[in-house]
Amino acid sequence: MNSIVWTFVSTTLFACSIVAASDEPLRGDLLIIQGSPGEEEYGKLFSTWSQRWQSAAERGRFRIVVSSPDLEEKQKVAVSKILETFEDETTLPLWVVMIGHGTFNGREAKFNLAGEDLSAKELDRMLANVTRTTVIINCSSSSAPFLDALSQENRIILTSTRSGEQVNFSRFGEYISQAIGETASDLDKDKQTSLLEAFLSASRKTLEFYESDGRIPTENALLDDNGDGKGTRATAFQGVRAIAKPEEDGILLDGFRAHQLHLIPNDAEQSLSPEQIAQRNELERKIELLRLEKNSLDEADYYRQLETLFLQLAEILLLDDQVNSDES
Numbered sequence: 001m002n003s004i005v006w007t008f009v010s011t012t013l014f015a016c017s018i019v020a021a022s023d024e025p026l027r028g029d030l031l032i033i034q035g036s037p038g039e040e041e042y043g044k045l046f047s048t049w050s051q052r053w054q055s056a057a058e059r060g061r062f063r064i065v066v067s068s069p070d071l072e073e074k075q076k077v078a079v080s081k082i083l084e085t086f087e088d089e090t091t092l093p094l095w096v097v098m099i100g101h102g103t104f105n106g107r108e109a110k111f112n113l114a115g116e117d118l119s120a121k122e123l124d125r126m127l128a129n130v131t132r133t134t135v136i137i138n139c140s141s142s143s144a145p146f147l148d149a150l151s152q153e154n155r156i157i158l159t160s161t162r163s164g165e166q167v168n169f170s171r172f173g174e175y176i177s178q179a180i181g182e183t184a185s186d187l188d189k190d191k192q193t194s195l196l197e198a199f200l201s202a203s204r205k206t207l208e209f210y211e212s213d214g215r216i217p218t219e220n221a222l223l224d225d226n227g228d229g230k231g232t233r234a235t236a237f238q239g240v241r242a243i244a245k246p247e248e249d250g251i252l253l254d255g256f257r258a259h260q261l262h263l264i265p266n267d268a269e270q271s272l273s274p275e276q277i278a279q280r281n282e283l284e285r286k287i288e289l290l291r292l293e294k295n296s297l298d299e300a301d302y303y304r305q306l307e308t309l310f311l312q313l314a315e316i317l318l319l320d321d322q323v324n325s326d327e328s
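Going by this note's numbering, 51 is the number at position 51 of the sequence shown; the sequence numbering is gapless.
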């Protein structure tokens with residue numbers, strides 16, 4: 001199957017160019033929404049960030065779709081049409097990366113596009129029929145209200161700011177576009193960079209940018225992947241684990257789900273089918289929830305449940321080993 005970059009040029013037509021050829025199946029979809037730059041300097045920056053995402057997604061065998069203000073005067077309509085094409089898929093993840101400027105009027109946050117701007121509520125409506133795991137990364141200023149509007153189960157939301165009042169140009173997009181394709185961001189040394197690890201690396205480098213310039217940071221990125229709509233800053237993590245305890249039973253802390261997602265997988269991850277990955281991720285979630293309940297369970301019951309889950313997990317991984325052995 002070919003790895004393809006699609007550029008949306010109207011509400012009904014795609015133009016495409018093949019950038020790489022592979023017999024391997026696709027692992028997901030990446031939509032890059034490159035917003036209106038306002039000034040040429042920002043346009044060049046946004047294009048650079050977009051190219052980094054495209055390069056990483058090609059390596060990860062994602063189908064890539066780019067919405068650009070250079071090609072579409074009514075960009076919001078185009079984005080809506082693109083998202084409609086993603087509604088039928090239920091297994092492969094969808095990543096939506098928003099690169100550009102944002103605004104906030106005290107009530108509503110918007111992402112700047114060619115033509116009408118895109119509000120958080122409008123994007124939520126556009127995604128209403130997308131049922132698969134969806135990552136939304138808003139790299140613009142004043143992006144925090146998007147987290148509250150979009151947060152729900154099976155969505156992972158990253159924003160450059162912790163409030164709509166953080167209106168200055170955001171540097172977070174620069175650093176996460178670098179981190180997502182770098183093994184230097186791989187904190188747990190499993191030879192792949194998870195979305196969580198990219199978030200932590202980008203947050204750290206953003207802070208370092210302001211500190212090196214002798215400035216007070218005007219942006220604090222947030223991550224929400226448990227659907228509570230609150231978001232968590234990078235300072236709340238020790239390594240790849242959140243420091244705090246869950247406020248509600250049955251809800252994991254932010255970061256666990258994001259650490260299961262990778263744009264560029266390692267060899268072991270590549271060998272798993274989308275169905276196996278989904279099953280493994282769900283079992284890992286159940287194991288983590290069980291561990292959080294350890295102190296409230298009878299010890300024998302806890303270890304009995306834990307053993308059952310680990311056996312189910314091993315069955316998936318051993319099945320994959322057997323398939324690979326048969327193919328070789």
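For the record, the hints were derived by calculation from the structure and aren't laboratory data. These numbers were taken from a predicted model, which means no experiment stands behind them. Check the hints yourself; a few may be wrong.
Stated by the list, open to error - Restricting the straight-line Cα-Cα distance to at most 27 Å, the calculated cross-link-like pairs of lysine-lysine (DSSO-like) are:
1) Lys189 <-> Lys205
2) Lys191 <-> Lys230
3) Lys81 <-> Lys121
4) Lys286 <-> Lys230
5) Lys205 <-> Lys191
6) Lys121 <-> Lys74
7) Lys44 <-> Lys81
8) Lys191 <-> Lys286
9) Lys121 <-> Lys189
10) Lys230 <-> Lys205
11) Lys191 <-> Lys121
12) Lys189 <-> Lys44
13) Lys230 <-> Lys245
Hints and how they fare:
About 19 Å separates the Cα atoms of Lys189 and Lys205, which keeps this hinted pair within 27 Å; it holds. Note on Lys191 and Lys230: the hinted pairing is violated, with a Cα-Cα distance of about 30 Å set against a maximum of 27 Å. With a C-alpha separation of about 16 Å, the suggested pair Lys81 and Lys121 falls inside the 27 Å cut-off, and the hint holds. For the hint linking Lys286 to Lys230, the alpha-carbon distance of about 22 Å falls within 27 Å, and the restraint holds.
A hinted pair counts as satisfied when its Cα atoms are at most 27 Å apart, and Lys205 with Lys191 qualifies at roughly 21 Å. Distance check on the hinted pair: Lys121 and Lys74 sit about 18 Å apart at the alpha-carbon level, within 27 Å; holds. Between Lys44 and Lys81 the CA atoms are separated by roughly 26 Å; this keeps the pair inside 27 Å, and the hint holds. Taking the CA atoms of Lys191 and Lys286, the gap is about 24 Å. The hint holds against a cut of 27 Å.
At roughly 38 Å between alpha-carbon atoms, Lys121 and Lys189 are farther apart than 27 Å, so this suggested pair is violated. Under the criterion of a C-alpha separation no larger than 27 Å, the hint pairing Lys230 with Lys205 is consistent with the structure, at around 23 Å. The suggested pairing of Lys191 with Lys121 is violated, with an alpha-carbon distance near 37 Å, which exceeds 27 Å. Restraint check for Lys189 and Lys44: the C-alpha separation of about 33 Å exceeds 27 Å, so the hint is violated.
For the hint pairing Lys230 with Lys245, the CA-to-CA distance comes to about 14 Å; that is within 27 Å, so the pair holds.
Hint compliance for this structure: hints 2, 9, 11 and 12 are broken, all remaining hints hold.
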